[in-house]
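Protein chains: 2
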Amino acid sequence: MFETRFIPGLVVVVLAYVLNGLKGALNQEQFFAFMGYMVLSFFAYVLSYWMIPKIAQLTEKADIFGYDINKKGSDAGKIKIPESLGIVPATIYLIFNILGILFTRAYMPDLILSHISGLLAITFIVFLGFADDVLDLAWRYKLLLPPIASLPVIVAYTGGTQIVLPQLIRPYLGQTIDLGPIYYLYMIMLSTFQSNAINIYAGVNGLEVGQSIIIALSIAVYNIIEISTQQQHLFSLMIIVPYISSALALYNYNRYPSKVFVGDVFCYWSGMTFAVAAVLGHFSKTLMLFCIPQLINFLYSLPQLFGIIPCPRHRLPRYDQSTGLLYAIKTNLTLINLVLLIKGPTSEKNLCRVLLSFQILCTIIGFGIRYLGSQMFF
Amino acid sequence: MFETRFIPGLVVVVLAYVLNGLKGALNQEQFFAFMGYMVLSFFAYVLSYWMIPKIAQLTEKADIFGYDINKKGSDAGKIKIPESLGIVPATIYLIFNILGILFTRAYMPDLILSHISGLLAITFIVFLGFADDVLDLAWRYKLLLPPIASLPVIVAYTGGTQIVLPQLIRPYLGQTIDLGPIYYLYMIMLSTFQSNAINIYAGVNGLEVGQSIIIALSIAVYNIIEISTQQQHLFSLMIIVPYISSALALYNYNRYPSKVFVGDVFCYWSGMTFAVAAVLGHFSKTLMLFCIPQLINFLYSLPQLFGIIPCPRHRLPRYDQSTGLLYAIKTNLTLINLVLLIKGPTSEKNLCRVLLSFQILCTIIGFGIRYLGSQMFF
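Protein sequences, first through last, are from chains A and B. First residue of the first sequence? That's 355 in this note's numbering, and the numbers climb one at a time after it. First residue of the second sequence? That's 355 in this note's numbering, and the numbers climb one at a time after it.
Hints are supplied without guarantee of correctness; some may be wrong.
[As the list claims (entries may be wrong)] Derived coverage of chain B by chain A (criterion: at least 3 residues anywhere in the stretch with Cβ under 8 Å from a Cβ of chain A; other residues may be distant): (1) 414-423; (2) 454-461; (3) 466-479; (4) 491-505; (5) 672-680; (6) 697-706.
[Claimed, not checked] Listing some non-contacts, in silico: residues in chain B with all C-beta distances to chain A over 10 Å: (7) Tyr403; (8) Gly431; (9) Ile531; (10) Ile536; (11) Phe547.
[Claimed, not checked] Here are the simulated DMTMM-like pairs of lysine to aspartate or glutamate, each with C-alpha atoms no more than 20 Å apart in a straight line: (12) A/Lys415 <-> B/Asp490; (13) A/Lys434 <-> B/Asp417; (14) A/Lys639 <-> A/Asp532; (15) B/Lys639 <-> B/Asp532; (16) B/Lys415 <-> A/Asp490; (17) A/Lys697 <-> A/Asp674; (18) B/Lys415 <-> A/Glu414; (19) B/Lys613 <-> B/Glu383; (20) B/Lys415 <-> A/Asp417.
Because the hints were derived from the structure by calculation, they are not lab data. Just so you know, even glycine gets a beta-carbon here, dropped at the ideal spot from N, CA and C.
Isolated chain A, as found in the complex:
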C-alpha cells in the first residue's frame, strides 16, 4: 500500500539516481544548468509551503471555499475549506521557470523558443483555470480553454510529424507514416485530454495532487533514462522538476484530512505541464503510458460525460457517518467508485492510498510496455 510518508524517501532516491545518471550523460555546462534548476526547485518548495496558508486566508476571505462532501454530516464536513490553492504552487512554478529561461538562454539557446512557448501555454491555462474557479464557467467555455492555451506549443513545435508503425502493419503502410497537420491536432487533443483527465479523476483528499506527482515523477525518471540520447529530455526535466517540488508543497496541505482544496486551476496546470513536457520532449505516446488510471477513469466515465446516463455535479461515493467509511454508488461511473465496488467500503484515507498505489503500479506497467512491449511491436 502507498504510504504518504514514503514520498520524501522516494524523492531522495530519485534525486540520488538523477544526479548520478546525469553527471555521466551531460557535459559540465548542462549539468550546472540542471543543478541550478534543482536549487530553484528547492526554493519553489519552500516558498510554496510558506505561502499556501497565507493565500488560503485570502481565498477564504474572498468566499472561495468548499465543504468536504466525503465528510458530510460529520463535524469535519461543516468546516469551510479554502479552495483553489493550486494557484500558489502554480504561480511560484511560473516565476521560477521564467527565471530558468536564463539557464536555457545560456546553455541551450536552441530550446529557448520551446521553453517560452511552453511557459506561455502553462501560464494561460493557469489564468483560465483560476478564472474558472472564481467565475464557475459553463462547460462550453471550459472545453475551449485547453485547445486555445496549447496553441503556442503547437506553433513552436519543431519535431517530426511522423509516427512509427507497429511491425504488423508495416508490410502494408511502410515503417513510418507522416501525419502532417493531423499530428498538430493530435497534440491539441493530448493537452485537452491531460487537462481534463486529472480534473475528472478527483474528489478524494490528496488524490489530484498525489496522482499528478506520481505522473510527474514517472516523466522525470523517463527523461533521466533517455537523457543521454537527446537534449530535449534535459529540457523536459527542467519543465517537470520545479513542478514536482511545488506540487509536493501543496500535497502537504491537501492530503487527508485536507486543509486546503486545490481547485480546477491545479488540474489544468498539471495537465498542461505534462503535455508541454511530453510534446516538447518528443515522447507524447510514452506520457499516455503513465496515465493509465486517468485513461480508465475517462473511458469508464464516457456514458456519463456523453449524458447517456444522468450525470450529477459530483460523482462521489456515499459517506456513512456511523461507520466513517465510503460506499460505492454504482451509477457514478468513476474509477473511485469502481475501486470501492471491488474492494468494498473503506475509509477516505485508505481509499486514496489504494488509488495512488494503483497509479504507481500502472507507471511500472507503463515502463514495462515502453521498454519490453514496444520491442515486440515496433
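Given chain A's structure and the hints, the job is docking chain B onto it.
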C-alpha cells in the same frame, strides 16, 4: 473638448491612414499579415462586446463588484457594479494574439521569439492582476508582480543597450553611451511604471480605458509613421491593434455612467502591453512622451505614495449630491483633483472629457517633442 462619440470617427480616420501608409511601406506578404491582424482585431471587438455583459453576471455572482464612490449618496451609488471586467477583453486579446503567432511564423519568423515572450509577459500580468482583484493582495506582493512578469521580455530582448546622448553633453561623454545591464533594469522599471501609472490615474468613469486607448492609438500612429524604417514597428503594431479594438469594446460599458468596472487587471494588462510594444519595437523613450499625464499624476502623487502625506485608500474628489458635481479635495494629490482645483467643480462626465482631452493634447505635444524637439537636442 473630448466627446466620446468622436471615438468611432477617430478610429476610421486612423484606419484609413494606416492602410494607405502601410500599402506603400510594406511588401505584399507583410501587408497581408497586417490585414489578417485587422480582421482578428475586428472579431476581438465583436466578441468582447458580446461577452462582457455575460461575464459581468458571473463576476457579480462571484461577489466581485463595487459601488460607484463618485455617486455616493445618490441612487446610482447604491447599485452593485460588476468589477474586474478587464479580464474579458484581455482574455480575448490573448486568444487572438496567440492565433496571430501563425502570421508571425509565416511572415516574420525572426520576430517569433519576441512575439511569444511578449505574450508570456502580458498573460502573466493578466493572471496576476486578476488574482489581485479577487484576493486583494498586499502592496508588498503587488509591487513584485510587474518586474517578475516583464522578465520574459527582458530575456528575449535582442536590441542594443546603448542610448543616444543629447548634443549638450556629447563633448564630454560621446555620442552614445552603452548602459549594458542597467538597460535591462531600465526596461523592468518601464514595465513597472506603465502597469502602475495607469492604475493610480483612475477613479472617474471611463478614465482608465479612455486614457489607455489614447496611449495605444498614439503608439499605433507612431508605428505607422516609422514602419517603413524597421520591421519591428509592424510587430509592435500587431501587438497594439487588437488591444485597441478589445479595449474599445470595454469602453462602451465603462464610460459614464459605468455599467461595469475594469479592475486592476485592466490597468496591468494595458501597462504591460504598452511596455511590450515599446520595448520590442525599440521606442521605449517615445512611449514616455505619450504618458505625460500619467507622469504628472505619478510625480504629483509621490508625497502620498511615500507616505509623507497620509494616503487614503481612494484618493477621489468629493461628490456633492445636491449639485451633482465633483469637488476637489486638496489633500488628495492626484491629477484628477488638481484639474478640479484649476477648473472648479464639474460633473463626472465632463471631468472625464477634460482629462481625456488633456491626454490627447499631451500626445500631440509628445509627437512635437519627438519630431521637432529631438532634432534640437539630438
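For each hint, the structure was consulted:
1. 414-423: holds (count 4)
2. 454-461: Check passed, 3 qualifying residues.
3. 466-479: holds (count 8)
4. 491-505: Since three or more residues must qualify, the claim that chain A covers the region 491-505 of chain B holds, with 3 doing so at under 8 Å.
5. 672-680: violated (count 0)
6. 697-706: violated (count 0)
7. Tyr403: 17 Å, holds
8. Gly431: Label holds. Min Cβ-Cβ 23 Å, cutoff 10 Å.
9. Ile531: 25 Å, holds
10. Ile536: 17 Å, holds
11. Phe547: With a cut-off of 10 Å, B/Phe547 remains clear of chain A, as the shortest Cβ separation is near 20 Å.
12. A/Lys415 <-> B/Asp490: 10 Å, holds
13. A/Lys434 <-> B/Asp417: It holds: about 17 Å lies between the C-alpha atoms, which stays within 20 Å.
14. A/Lys639 <-> A/Asp532: 15 Å, holds
15. B/Lys639 <-> B/Asp532: With Cα atoms ~15 Å apart, B/Lys639 and B/Asp532 stay inside 20 Å; holds.
16. B/Lys415 <-> A/Asp490: Within the cut-off at roughly 10 Å; holds.
17. A/Lys697 <-> A/Asp674: 16 Å, holds
18. B/Lys415 <-> A/Glu414: Holds, because 16 Å separates the two Cα atoms, which is no more than 20 Å.
19. B/Lys613 <-> B/Glu383: Roughly 42 Å separates the two Cα atoms, so the pair is violated.
20. B/Lys415 <-> A/Asp417: The hint holds at about 11 Å.
In this structure, the hints that do not hold are numbers 5, 6 and 19, in rising order.
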